[in-house]
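Undergrad: Chains as they are written, first to last, in my numbering: chain Y, 41 to 373; chain A, 41 to 373; chain G, 25 to 234; chain S, 25 to 234.
Quick caveat, the hints were computed from the structure, so don't treat them as lab data. Errors might be hidden in some of the hints.
[To be verified] Mimicking EDC-like on lysine to aspartate or glutamate, the simulated pairs with C-alpha atoms at most 16 Å apart in a straight line are:
{"#": "1", "chain 1": "A", "residue 1": "K42", "chain 2": "Y", "residue 2": "D65"}
{"#": "2", "chain 1": "A", "residue 1": "K42", "chain 2": "Y", "residue 2": "E274"}
{"#": "3", "chain 1": "S", "residue 1": "K38", "chain 2": "S", "residue 2": "E77"}
{"#": "4", "chain 1": "S", "residue 1": "K123", "chain 2": "S", "residue 2": "D85"}
{"#": "5", "chain 1": "A", "residue 1": "K86", "chain 2": "A", "residue 2": "E206"}
{"#": "6", "chain 1": "A", "residue 1": "K86", "chain 2": "A", "residue 2": "E251"}
{"#": "7", "chain 1": "Y", "residue 1": "K331", "chain 2": "Y", "residue 2": "D361"}
{"#": "8", "chain 1": "G", "residue 1": "K147", "chain 2": "Y", "residue 2": "E155"}
{"#": "9", "chain 1": "A", "residue 1": "K86", "chain 2": "A", "residue 2": "E215"}
{"#": "10", "chain 1": "S", "residue 1": "K147", "chain 2": "A", "residue 2": "E246"}
{"#": "11", "chain 1": "A", "residue 1": "K86", "chain 2": "A", "residue 2": "D210"}
{"#": "12", "chain 1": "A", "residue 1": "K331", "chain 2": "A", "residue 2": "D353"}
{"#": "13", "chain 1": "A", "residue 1": "K331", "chain 2": "A", "residue 2": "D362"}
{"#": "14", "chain 1": "Y", "residue 1": "K331", "chain 2": "Y", "residue 2": "D353"}
{"#": "15", "chain 1": "Y", "residue 1": "K86", "chain 2": "Y", "residue 2": "D212"}
{"#": "16", "chain 1": "A", "residue 1": "K68", "chain 2": "A", "residue 2": "D80"}
{"#": "17", "chain 1": "Y", "residue 1": "K331", "chain 2": "A", "residue 2": "D65"}
{"#": "18", "chain 1": "G", "residue 1": "K38", "chain 2": "G", "residue 2": "E77"}
{"#": "19", "chain 1": "A", "residue 1": "K331", "chain 2": "Y", "residue 2": "D65"}
{"#": "20", "chain 1": "Y", "residue 1": "K68", "chain 2": "Y", "residue 2": "D80"}
{"#": "21", "chain 1": "A", "residue 1": "K42", "chain 2": "Y", "residue 2": "E246"}
{"#": "22", "chain 1": "Y", "residue 1": "K42", "chain 2": "A", "residue 2": "E274"}
{"#": "23", "chain 1": "Y", "residue 1": "K42", "chain 2": "A", "residue 2": "D212"}
{"#": "24", "chain 1": "Y", "residue 1": "K42", "chain 2": "A", "residue 2": "E251"}
{"#": "25", "chain 1": "Y", "residue 1": "K86", "chain 2": "Y", "residue 2": "E215"}
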Amino acid sequence: MKKLINDPEQVVRESLAGLARAHADILKVCFEPVYVVRADAPVTGKVGVVSGGGSGHEPMHAGFVGRGMLDAACPGEIFTSPTPDQIEAATRAADGGVGVLHIVKNYTGDVMNFEMAAELCQAQGIAVRAVIINDDVAVEDSLYTAGRRGVGATVLAEKICGAAAERGWDLDRIEALCRRVNDNARSMGMALAPCTPPAAGRPTFELGAGEIEMGIGIHGEPGRFRTKWAPAREIAAQMTEAIVADLPFRAGDRVIAMVNGMGATPLVELYLVYGELDRLLETRGIRAARKLVGNFITSLDMAGCSITLLRADDEILALWDDPVLTPGLRWGV
Amino acid sequence: MKKLINDPEQVVRESLAGLARAHADILKVCFEPVYVVRADAPVTGKVGVVSGGGSGHEPMHAGFVGRGMLDAACPGEIFTSPTPDQIEAATRAADGGVGVLHIVKNYTGDVMNFEMAAELCQAQGIAVRAVIINDDVAVEDSLYTAGRRGVGATVLAEKICGAAAERGWDLDRIEALCRRVNDNARSMGMALAPCTPPAAGRPTFELGAGEIEMGIGIHGEPGRFRTKWAPAREIAAQMTEAIVADLPFRAGDRVIAMVNGMGATPLVELYLVYGELDRLLETRGIRAARKLVGNFITSLDMAGCSITLLRADDEILALWDDPVLTPGLRWGV
Amino acid sequence: MPAVGGGEIRAWLKALREVYAGNRDLLTALDAAIGDADHGINLDRGFTALITELDRNVPADPAAALRAAAVCLIRSVGGAAGPLYGTFFLRAAAASAGKTALEPPDVVAMFEAGVAGVAERGKAAAGDKTMLDALLPAVEAMRRALADGGGLGEVLEAGARAAEEGMKSTIPLVARKGRASYLGLRSAGHQDPGATSAWLLVRTAAAVWR
Amino acid sequence: MPAVGGGEIRAWLKALREVYAGNRDLLTALDAAIGDADHGINLDRGFTALITELDRNVPADPAAALRAAAVCLIRSVGGAAGPLYGTFFLRAAAASAGKTALEPPDVVAMFEAGVAGVAERGKAAAGDKTMLDALLPAVEAMRRALADGGGLGEVLEAGARAAEEGMKSTIPLVARKGRASYLGLRSAGHQDPGATSAWLLVRTAAAVWR
Ligand SMILES: Nc1ncnc2c1ncn2[C@@H]1O[C@H](COP(=O)(O)OP(=O)(O)O)[C@@H](O)[C@H]1O
Ligand SMILES: Nc1ncnc2c1ncn2[C@@H]1O[C@H](COP(=O)(O)OP(=O)(O)O)[C@@H](O)[C@H]1O
Ligand SMILES: [Mg+2]
Ligand SMILES: [Mg+2]
Ligand SMILES: [Mg+2]
Ligand SMILES: [Mg+2]
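Take these sequences, add in the hints, and give me the full structure.
TA: This is the structure:
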């Protein structure tokens, strides 16, 4: 394993130290316990928006801390959800006195740790609401399983809820908005090559020369099925089909469309995939009203991409367009 | 070779088609010949800023077309400089009547093709000035060689000269500014793993399990020397030492510091490297007044990073802070 | 051994640290097959932190030692295993409250309480291909061995054997909880990492307290 | 063959297309060692475009065919080779202007002019490890063979042999121009891709016009 690191056990902390030095104007990093918080937090009278999860998905979540998006993020170890004490500290730091929203990706570990933290916070009189993001169509849903994973919709929910909080919406309304975003968003991902977590030191799965994994998550897990490599046109069509059919997205819908890189896939390929996606949506009468192409929710050095579509109304589009100033997403300021 | 592409020969065109669909509000893509131009070009009375080079370095150059940066870019085939007819067409499209600046990376092919294009443009009465960027300290300079490569400083020059053009500076002044940026900037790059050009279908060089290449360029060329993998701390120190000693950068200097990913290196590693760089500069009394961490001038799916430092005065910092609205770099708007 | 006091609990926890360090790669490899390749790393990190903690201030009675373990694991393990094993020790501590030494029935009660906590926290059931598939049969077997008049040694041995069978029984199962469930049918044919670490938990108690 | 007319020039260019297509991978591999792995791809793209162009409108005299080649290569090859070979054909066309057929001295003059253009455009000298290391000796040998009263066949054979030696002579050289120069000493021990494509250029003329 060759990486730009010093000690596999220190990657997360040392990377956060660099983040703090690079963006001192936007955020602060605390280490005991580890969390990242807006430089001007807490913003009194504003609902706090907090998220977190395992590291290795950068820029999500720490890179989305800043005005108009997250008030705080709690990065766990690589691919390991943060612990309740981190989440509790981040929540306290983000609490402007009118409550805090937890945006939680649906993974057993994340859900349980955020649950325990919420109990600790509520015991201290902080109003906490949690919304579980579960937009991954690659996972069959059922009452008897852990349910669908939270993936790309998390990025959109953090931006949109962050904007609503900035506008002064109250906790009830932001919680409802976050559920609405989650309910109207669907995603699917694929991998051309696995990733190598620093502490493990070897790829999380093996792929043959001509093989790809369809339906992967963001933790280096293998996908739902393995298949032969196919041209981008076919891969994009398969993913789009699965996403559109699931909600379903209908002719006339306006969407926020994201083509996300898993970490090691160059922009030249992501834009090529976006071109395919946009054409596919066009033929279905679905309009990509907003577009996002790049690395936003990654899986270390995995090669591949994911597609996320969010059915958006005027309100959601307006919140999307609101100013955002974070290391990972910035416009309007 | 597994990539998100359809046909290796069509990658550049298909990716540009996606870029056009994703950013129609910012830019237009023309195909006969291939060039990318600001949606509102030409801006009458404004100096045009044009750059270009082989593709595979995205977001540079096409991703830097837009308000406050490039008026047009001419993408060649992957790692192959554009042809004079492309450059001529882009220059014509960018000409607001008061001349056009060509920002050219110092590669024999780029220089010769831009030269031929400049001759064609001047024959048509368009005032063209070319500034050659050659900031790579890994290459020994000498009268008898092709000289140093143009790398990271190109990104900074495009941003800063684009801002000056937006402010209404004339061609002489912008040309001088571009030379000043180039004269005060130094870069060095390294690779953990080679890249695989789509048309070639195999890695551009082989690296042993424990080996890295120091002093690589951005076209998959091998570097100046091969060495054992070392912790990020040492790699950052070697690159910083070479860069600082070359200009030299001195205590009290303020710099724009860029840690750039080569394409396949995750952000978590780039921020870790930035942390090391920032500490190293601090100990030398050099102040990182502005910071840029991410993928800006890449080499397809090469793993590794480059560091660029630009000694900046108040004027350059002000131009840096001016609004920019491009797919690859955006702030202040 | 007559009864389990604070010292024995600490000995168990220290032995667990060695065991998880020694099985770090095995547990991580199992997790790589159907999860995200960090289970061994998570437990190793947690129990290493726990030992440092235990050395800093030595808890006197069983409940104190178990609570220290809970707090430390919840703080340092993360992932699914953190809250799950954390809850296990939290409930185990509660069940042992006020006792300076645990007689065999108390030990069984402690495991019962801990496992009940895991089931509540994770909302999983037997056959979901989780650590519960090792833990539930283990407490069941301990109860039976106790009822049959077994001493601490027999009781724990029975628990360890049942945990091992339960762990092996996860191989053919299709996961319904945890990350492995995302693989659907592909999760079958792999031994669950958490069931494996759970078996080590019980087996180590049997080894240390025999 | 008596003299080189427009048809012979076209035959040469078409043969070159086949030759570069056939050596696409070889030239690209040579470029991968000390450049950026695209030389063969660049030439294949350029000459394929050229043939389409030549079939669309058939140029009558040598100069027209050579100019068509120049314009098309400059448009489609890119990189360093595009302007260099483009300039070669541009100058070759100028030197052949007004002639319906090239006698041996005209053919040599054509190559001389083309190579002079490459040298001017690239500002390289003999020994810099570029295509010039094949082209300069080639024209030198052609001149000598012509002076010795050789016919077109001998003249081109001599040129091809010299080009081949010049190509091989690039192996030990340290590059001073082009991408390979960035490698410094590491560029030694590799045959220059452009010198190789230049040898093919001359050798194909010899083969087609014998
Ligand atoms: N809902 C649950 N109930 C009980 N055990 C679970 C549950 N979800 C996961 N587990 C156990 O946790 C183990 C994985 O732990 P670990 O890898 O540390 O966490 P993560 O999956 O967050 O990376 C699984 O092998 C499984 O035995
Ligand atoms: N200044 C120069 N003068 C003459 N030939 C050159 C010069 N620079 C490069 N070359 C030739 O061009 C060849 C590389 O061509 P090619 O790979 O197509 O272009 P690029 O280097 O832009 O990728 C080299 O092998 C060398 O022979
Ligand atoms: Mg995990
Ligand atoms: Mg090239
Ligand atoms: Mg795991
Ligand atoms: Mg080349």
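Undergrad: Any hints from earlier that this structure breaks? Give me their numbers in increasing order, please.
TA: 1, 6, 10, 23
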